[in-house]
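**Student:** Need the complex rebuilt from these two chains, each delivered in its own frame; the hints are there to steer you.
Residues per chain, in single letters:
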Amino acid sequence: MEVKTASFEKVSSSKQTTVSGAEAVIKCLLEEGVDTLYGYPGGAIMPVYDELYKYQNQIHHVLTRHEQGASHAAQGYARVSGKVGVALATSGPGATNLVTGIADAQIDSTPLVCITGQVGSHLLGSDAFQETDIIGISTPITKWNYQITKAEEIPEILAKAFFIARSGRPGPVLIDITKDAQFASLDFSYKKCSGIRSYKPKPEINLIEVERAAQAMNNAKKPMIVFGQGVILGGAEELFKQVVEKSGIPAAWTILGLSAMPTDHPLNVGMVGMHGNYGPNVLTNECDVLIAIGMRFDDRVTGNLEKYAKQAKVIHFEIDPAEINKNVHADIPVLGNVNETLKVLLDLLKPNKHEAWHQKFKDHYKIEFDKIIKNDLNAERGKIGMAEVIDEINKCSKGDAVIVSDVGQHQMVACRYSKFNQTRSNVTSGGLGTMGFALPAAIGAKMGAPERDVVAIIGDGGYQMTIQELGTIFQTKVPVKIVVLNNDFLGMVRQWQQLFFEKRYASTEMMNPDFITIAKGYHIKAKQVSKREDLKEAVTEMMESKEAYFLEVKVEQEENVFPMVPTGASVSDIRLE
Amino acid sequence: MEKKDFTVSVYTENNIGLLSRIAAIFQKRHINIESITASRSEVNEVMRFTIVVQVTEDQVKKIAGQIEKQIEVIKAFYHTDDEMIYQETALYKINSADFVEDLNIQDFIKESNARIVTVTPKFFVIEKTGKRHETDSLYEKLKPYGLMQFVRSGTIAVTKNEMPISKILEKFDTTN
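Chains as they are written, first to last, in my numbering: chain A, 1 to 577; chain C, 1 to 176.
No wet-lab data here; the hints were simulated from the structure.
One thing to keep in mind: the hints can contain errors.
[Unchecked claim] Calculated pairs, DSSO-like style, for lysine-lysine (alpha carbon to alpha carbon, straight line, at most 27 Å): (1) C:3 to A:310; (2) A:383 to A:241; (3) C:62 to A:313; (4) C:171 to A:200; (5) A:343 to C:171; (6) A:371 to A:383; (7) A:200 to C:61; (8) C:69 to A:83; (9) C:69 to A:326; (10) A:200 to C:3; (11) C:3 to A:326; (12) C:171 to A:191; (13) A:326 to C:28; (14) C:61 to A:202; (15) A:4 to C:69; (16) C:167 to A:10; (17) C:75 to A:192; (18) C:62 to A:310; (19) C:61 to A:326; (20) C:167 to A:192; (21) A:371 to A:536; (22) A:4 to C:3; (23) C:171 to A:202; (24) A:202 to C:62; (25) C:69 to A:191; (26) C:171 to A:525; (27) C:75 to A:200.
[Unchecked claim] Short derived list, chain A residues pointing at chain C, Cβ under 7 Å: (28) 3; (29) 5; (30) 132; (31) 135; (32) 139; (33) 140; (34) 144; (35) 164; (36) 197; (37) 199; (38) 322.
Built from N, CA and C at the ideal position, the CB exists for glycine as well.
Looking at chain C on its own, in the form it has when it is part of the complex (with noise of 0.2 Å):
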């Protein structure tokens, strides 16, 4: 089975440790986390992981089973990028300097829809928000010019179709 990219989306309670329970599970099977961003979800009180592995689909399936096993988890899903709206957000922080002698850099801010958060003497801080492709070539056309700091965030992504979390949740306030 060829190994591609997933997207495993797990709510759970808002607990300390579970984040190293989650990733303890990746750990145990020798498979390396592309990102992970923990957040909270639209359900009050409850978090969201967003996790993305390169791995096939059996062994994603087996993963989501693993870490909806734990007590603290309500549900993980795994989807394929192409079931899910999803972005990266990065920071570009460049020399003044640069950028107000070389106009190409406001040209490919401008090309790349990326926008100026802060301005400074010293420095500009751009942000870029989009697919890994879109943020990787502005870094690609930033970077001759001497990037001063670089980051970007983990993946994030809503899905396409329904996530019935509040459904399942309503479920046990009924039943208990």
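Isolated chain A (complex conformation) (with noise of 0.2 Å):
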């Protein structure tokens, strides 16, 4: 008798047909409601490319110009959606090249499936051309991943790739298909997993736990809210947003968290952790009960975790077991998704205000506004700061946009400084920190949100990573904006060999090309401001253009971003200066 250790749901949505594995592979794609994927063809792929040619009409097929740029434009489209994002490789290098972009969607917990081509099963192990074990590659940044050498295999396994991705906490899968398997034909039906046995993705709740939550929430009387990026995974904000308000606990979030509540929200007190605002940082070791919302306590939020909150009860909701105690002991904790967890809780919650411990935030917000933002928006001597411009483009976007960062000094500023009235809008690498990041998402962010603006904010450095895909941007006419804060450094790094190793600015510096003749070579609308009096009309121009737009910025070479919290220390023994 044959195990059950998968279960589909009973009705097929197709007919039963003869295809190919080729065809199986973008029939799949369409049954799972896929419209757009990213990727680059090459031998071992080829026959699925040539099924994507007949179905043109049906599934847009985006060639960008490096296999990375369409992991990171597979990212930013799921981001921005909420939906699946995919990427195709074919093998050996192509396969490999996708790496990053799935190290990234698995430490970001962003679904995607990565179809590769892989060498025919005939030649697997023989170091054939192409040939690379990207299985054994990706299986410590996948969530799942699987090698289909037979064609009536597709079916199944890609409706149990999308399954993997979406549920639970969700990452990246990839799936590596021979090219025998592409070419054979089965006899295609498809039927959307339901279930695996071995995988829950749905923790149990325990009503216990969430009603001592809701008892120590009630009687907190320092309580404080971190809220990460499982209430967006979760569809949770409106909920998120009740029970904030209605227990009137002032609430942060993480770097991932940013846009699941508004920005000027009275009760958002701003960001948590290495770069994040004074109040939030120093009041984690004052509060009586730390509320932790989808979030999984990253070092750069936590600092050292021998000082982090001690004083604190904490409660920590989130959906993946292994998170519960992994870096900070949790009290109380909450398993489960929080769209279901908060709901629960919210009923349990009285109502409250913390008049007087929220007023010690607002007192810590005037003593990082009066040493550091006030200076950041308004300097009035010297270069353009970086939070200047993030300021001309909120007064434009009026925080509607969709801001997509890469990684470095103006990835903090641009966090910090962000207006955001909608969800989904903040698109950065998190956990893995990958520059070349955003020019890439913000091609898939545009496309899964084309309705809405959406503007990469990158650094020299990160921008030289992938520029390449400005050739992506020039071909699809895809209208990204796109923002160079052009420091002539690798800015973050040089911070560092500031503050930590005595100004040695080792491999730093960075001599650049004209960025502005770049962008015109791919034939961008592009220009370049350095002037403060300048800059209003340059970002205006930017913001209202309906084509892609290059916008370089020249801004102070040496600015370094405050507050910091060093390495090591506690996070209450923030930098200022």
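**Tutor:** Here it is as structure tokens:
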């Protein structure tokens, strides 16, 4: 008797027909509602590309200029749309070039399905042309991976791939398909996957823990919420807002939690972590109950764990059991999708205001404003500061744009100063810190939310890591707005060299090309500004552009991002200068 | 926290690549695997990995959580030695001439409850199943006579308490 290890929906939505493995791949994608995918052709994936040609009216394939661009574009698409992002590549170098995007998606819980071609199954292990063990390579950075060697496996495996990528704590899945499996034929019928016996995407909710959490929150005198991307991934933004408003508890966000709650909400008290806001960092070590919601206590959030919120009772709302007690001990662990657990919690909460406690956050904000924010936004001398650029974008977008940031100083500034009214608006590489993420991710983001303005904020270093994707923008005419904050330095590394390596600027000074000429080479509208008085007009022109637009802003060269929690320090020892 | 031996028992689907997926979890944390054994389990079509590591309880708890998170892992348990019945098997290949000439060897075999598996004119193969110190002790005794080959299996272990795998799987069958 065959053992049933997964379950599938009973009704097959398509009639059984005989097709090639390659065509089956496309049919599976259509069944899963995929309308856009990102990729790059090559030998071992050619049969699938041949089918894409036939199905081009039903599915939009975006040819990126490098497979890394394809994986980041798929991430950007997934992050703004909430759908599974799909990337396609050939074997060998095509597959290995996807790796950075896959690792990024794994650590930032982004649902991706990556499909790679593989050499024919008779050649596996023979060191054939463009053969690489992508299953071995991708194992530690995927939620699941699988090598298909027989055409008839395709529908069931792809159904499982999509189910696994999007359910529970989302993540990347890689499916490697040998070329002979793409050529062979099968009787195709598709059933969506509805369960896998060894996989529990929905932990059972323990009502007693929710009750304990509610009681602790109701009794708290100085409670503080820290929320992460779990709120967004769970689609729990509205519920979360109600929890915050009813309980009156100040709420701070992690970098990936940003935009789950409007930035101007009176109970939104800013960002926690290394370059977060002063108040939430300092008060982490003063609160009596710390309520973590859909976040994982990354080291960039906690600083020194030995000195992190030791005085507080910790409540941890989390979908992934492996995250409970991983970095910070949870006195009250509440497992489950926050969309479900917060619903139960909301009814148990007593309305409160916590005015005196909230005032403390305001007092700390005042200190940070006077020391840092005021100068960041209103510098009168010197070159343009990064925050001024973000501020101009805010004025034009009114907080409705999607901001895609790369990695480094500009990223911290973009996250600190961007205004957001809507969820799924902040796209950045949080966990992996992947320079080169933003340009391709912005392409995917714009395609995932075509009605919204998408602005990529990138440094001069990261921009050049995936600058080839300007070709994708040129070819697809995707109207993204690209801002390069150019300080001719690898700014964040330079800041660390200044602060911790006695200003030995080893390999951080950049001799940069003429970015305007490069953009023009791709026929992208481009402008450079270096004077404060020209900034507003330039940003406005970019924001009003209906086409893709490149804006280079020459910014202050040796600006530092503060506040800062130095490595190994406690969050409450955050430095303001 | 003190490091000690923990046995991690992992019940999984029978799929290619799971061994490296599980091993990668130890590798990522720079933890050496003392021994690892894979076999069928008491449940039809379900594999069981028995992994011995020397870590702190905090570490093993997190490792078990990360292993269990893998899609094709049904359940991961960890236990200390006193919660398990565990054994290892060792094979000792020795020269027949030594065996016949030295009566001590025959005594060692009897005393240690080892078993002669194969006899040929050239060599004998002796098998001993037991705890690590027992197979080590026989090793030390036989070594002076010239061991032609020695090999020992990883630890295999069953728990004193129940492992509710069948119940977990039944639950899936009834809810799906």
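**Student:** Which hints, by number, does the structure contradict?
**Tutor:** Hint check: 2, 10, 22, 26, 30 fail, others pass.
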